[in-house]
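Visitor: Taking the numbering used here, the leading residue of the sequence shown gets 19, the next gets one more, and so forth.
Hints in this document: simulated from the structure, not taken from any laboratory.
Mixed in with the good hints, there may be bad ones.
[Claimed, not checked] In silico DSS-like links for lysine-lysine, alpha-carbon gap of 27 angstroms or less:
(1) Lys39 <-> Lys106
(2) Lys132 <-> Lys37
(3) Lys62 <-> Lys20
(4) Lys39 <-> Lys62
(5) Lys41 <-> Lys20
(6) Lys118 <-> Lys41
(7) Lys20 <-> Lys37
(8) Lys62 <-> Lys132
(9) Lys20 <-> Lys50
(10) Lys62 <-> Lys118
(11) Lys118 <-> Lys106
(12) Lys132 <-> Lys41
A quick note: this is a predicted structure, and the numbers were derived from the prediction, not measured.
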Amino acid sequence: MKKRISYECLLVNGPVKEKVKYKEIGDHYEVKGVHHISFEVEGKPMHIQYDDTHVHLVNDQSVLHFNKDMRVPNKYTLPYGVVELHTKVISLEYREGTMKFIYELYDQEHLVTKAYMMVHYSDIDEEGLPS
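Build the full structure now, drawing on both the sequences and the hints.
Guide: Below you can see the structure in the form of C-alpha coordinates.
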(Lines of atoms letter the chains of each structure in order from A and count residues from 1; the text may use other names and numbers.)
(Lines give C-alpha, C1' and ligand atoms only; values in the text may rest on other atoms or scores of the structure.)
Protein backbone atom coordinates (compact mmCIF):
# COMPACT_ATOMS: atom_id res chain seq x y z
CA MET A 1 0.00 0.00 0.00
CA LYS A 2 1.25 3.49 -0.84
CA LYS A 3 2.34 5.68 2.06
CA ARG A 4 3.07 9.32 2.62
CA ILE A 5 6.80 9.43 3.44
CA SER A 6 8.36 12.30 5.38
CA TYR A 7 12.18 12.21 5.40
CA GLU A 8 14.32 14.66 7.35
CA CYS A 9 18.07 14.55 7.86
CA LEU A 10 20.37 17.05 9.54
CA LEU A 11 23.97 16.60 8.40
CA VAL A 12 26.63 18.16 10.64
CA ASN A 13 30.14 18.54 9.26
CA GLY A 14 32.11 20.54 11.83
CA PRO A 15 30.55 24.01 11.94
CA VAL A 16 28.57 23.41 8.72
CA LYS A 17 25.00 22.12 9.03
CA GLU A 18 22.78 21.06 6.15
CA LYS A 19 19.14 20.05 6.49
CA VAL A 20 17.48 17.82 3.90
CA LYS A 21 13.69 17.35 3.85
CA TYR A 22 11.49 15.36 1.50
CA LYS A 23 7.76 14.67 1.51
CA GLU A 24 6.95 12.04 -1.08
CA ILE A 25 4.57 9.21 -1.85
CA GLY A 26 6.26 5.84 -1.53
CA ASP A 27 6.02 2.36 -0.08
CA HIS A 28 6.55 0.72 3.30
CA TYR A 29 6.41 -2.98 3.98
CA GLU A 30 7.82 -5.36 6.57
CA VAL A 31 9.09 -8.89 5.96
CA LYS A 32 10.30 -11.05 8.87
CA GLY A 33 11.04 -8.01 11.06
CA VAL A 34 12.87 -6.08 8.33
CA HIS A 35 11.28 -2.76 7.34
CA HIS A 36 11.58 -1.42 3.78
CA ILE A 37 10.80 2.21 2.88
CA SER A 38 11.19 3.35 -0.71
CA PHE A 39 10.38 6.54 -2.61
CA GLU A 40 11.78 8.73 -5.37
CA VAL A 41 13.28 12.21 -5.16
CA GLU A 42 13.58 14.06 -8.47
CA GLY A 43 13.39 10.74 -10.32
CA LYS A 44 16.13 9.09 -8.26
CA PRO A 45 15.32 6.09 -6.05
CA MET A 46 15.80 6.10 -2.29
CA HIS A 47 15.47 2.93 -0.23
CA ILE A 48 15.85 2.49 3.52
CA GLN A 49 15.96 -1.00 4.98
CA TYR A 50 16.25 -1.56 8.74
CA ASP A 51 15.71 -3.93 11.64
CA ASP A 52 16.86 -3.93 15.28
CA THR A 53 20.58 -3.89 14.46
CA HIS A 54 21.14 -3.18 10.74
CA VAL A 55 20.38 -0.29 8.39
CA HIS A 56 20.98 -0.03 4.64
CA LEU A 57 20.58 3.38 2.98
CA VAL A 58 20.40 3.58 -0.81
CA ASN A 59 20.28 6.98 -2.49
CA ASP A 60 20.43 6.45 -6.26
CA GLN A 61 23.93 4.96 -6.81
CA SER A 62 25.17 5.56 -3.25
CA VAL A 63 24.83 2.81 -0.65
CA LEU A 64 25.71 2.83 3.05
CA HIS A 65 25.57 -0.20 5.37
CA PHE A 66 25.32 0.04 9.15
CA ASN A 67 25.57 -2.43 12.01
CA LYS A 68 24.60 -1.28 15.51
CA ASP A 69 27.40 -3.33 17.10
CA MET A 70 30.39 -2.33 14.94
CA ARG A 71 31.89 0.15 12.48
CA VAL A 72 31.33 -0.95 8.89
CA PRO A 73 33.58 -0.08 5.91
CA ASN A 74 31.70 1.16 2.82
CA LYS A 75 32.56 2.21 -0.72
CA TYR A 76 30.41 5.32 -1.15
CA THR A 77 29.69 6.75 -4.59
CA LEU A 78 29.87 10.53 -4.97
CA PRO A 79 29.51 12.59 -8.17
CA TYR A 80 33.30 12.84 -8.44
CA GLY A 81 34.16 9.22 -7.60
CA VAL A 82 34.10 6.52 -4.96
CA VAL A 83 35.39 7.08 -1.41
CA GLU A 84 35.84 4.67 1.46
CA LEU A 85 33.83 5.65 4.52
CA HIS A 86 33.24 3.83 7.77
CA THR A 87 29.80 4.02 9.37
CA LYS A 88 29.03 4.02 13.07
CA VAL A 89 25.54 3.79 14.60
CA ILE A 90 24.98 6.16 17.53
CA SER A 91 21.31 5.32 18.03
CA LEU A 92 18.56 3.50 16.18
CA GLU A 93 14.97 3.38 17.31
CA TYR A 94 11.64 2.84 15.68
CA ARG A 95 8.02 2.52 16.56
CA GLU A 96 5.02 2.14 14.32
CA GLY A 97 5.30 4.76 11.59
CA THR A 98 8.57 6.41 12.67
CA MET A 99 12.27 5.56 12.47
CA LYS A 100 14.92 7.72 14.19
CA PHE A 101 18.55 7.12 13.36
CA ILE A 102 21.74 8.92 14.38
CA TYR A 103 24.98 7.90 12.73
CA GLU A 104 28.51 9.05 12.01
CA LEU A 105 30.63 8.76 8.86
CA TYR A 106 34.40 8.45 9.13
CA ASP A 107 37.22 8.81 6.61
CA GLN A 108 39.85 6.56 8.19
CA GLU A 109 39.70 7.71 11.85
CA HIS A 110 38.47 11.25 11.14
CA LEU A 111 34.83 12.13 11.71
CA VAL A 112 33.44 13.55 8.46
CA THR A 113 29.72 13.87 9.18
CA LYS A 114 27.24 13.25 11.97
CA ALA A 115 23.69 12.68 10.71
CA TYR A 116 20.36 12.92 12.51
CA MET A 117 17.69 11.19 10.43
CA MET A 118 13.98 10.78 10.98
CA VAL A 119 11.61 9.00 8.60
CA HIS A 120 7.87 8.92 9.17
CA TYR A 121 5.30 7.09 7.06
CA SER A 122 1.51 7.21 7.18
CA ASP A 123 -1.41 5.80 5.24
CA ILE A 124 -3.00 7.70 2.37
CA ASP A 125 -6.74 7.79 1.85
CA GLU A 126 -8.43 7.47 -1.54
CA GLU A 127 -8.08 11.19 -2.32
CA GLY A 128 -4.35 11.08 -1.62
CA LEU A 129 -4.61 12.69 1.82
CA PRO A 130 -3.19 11.20 5.03
CA SER A 131 -5.81 9.14 6.81
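Visitor: Next, verify each hint and record whether it holds.
Guide: Okay, the hints, checked on the actual structure:
Restraint check for Lys39 and Lys106: the C-alpha separation of about 22 angstroms stays at or below 27 angstroms, so the hint holds. At most 27 angstroms may separate the alpha-carbon atoms for a hinted pair to count; Lys132 and Lys37 meet this at roughly 12 angstroms. Using a Cα cut-off of 27 angstroms, the hinted pair Lys62 and Lys20 holds, with the two alpha carbons roughly 18 angstroms apart. Straight-line distance between C-alpha atoms of Lys39 and Lys62 comes to about 15 angstroms, which keeps the hinted pair within the 27 angstroms bound.
Only pairs whose Cα atoms come within 27 angstroms are accepted, and Lys41 paired with Lys20 is accepted, the gap being roughly 13 angstroms. Proximity of Lys118 to Lys41 is assessed by CA-CA distance (about 16 angstroms); at most 27 angstroms being required, the pair is judged to hold. With a CA separation close to 25 angstroms, the supplied pair Lys20 and Lys37 stays within the 27 angstroms bound. A threshold of 27 angstroms between alpha carbons decides the hint, and for Lys62 with Lys132 the separation of about 23 angstroms falls inside it, so the pair holds.
A distance of roughly 20 angstroms separates the Cα atoms of Lys20 and Lys50; the hinted pair therefore holds under the 27 angstroms criterion. Between Lys62 and Lys118, the direct Cα distance comes to roughly 23 angstroms. Compliance with the 27 angstroms bound is thereby established for this hinted pair. For a cut-off of 27 angstroms, the pair hint linking Lys118 to Lys106 stands: about 15 angstroms separates their Cα positions. Among the hinted pairs, Lys132 with Lys41 is consistent with the structure: their alpha-carbon atoms are about 22 angstroms apart, no more than 27 angstroms.
Violated hints for the displayed structure: none, as all numbered hints are satisfied.
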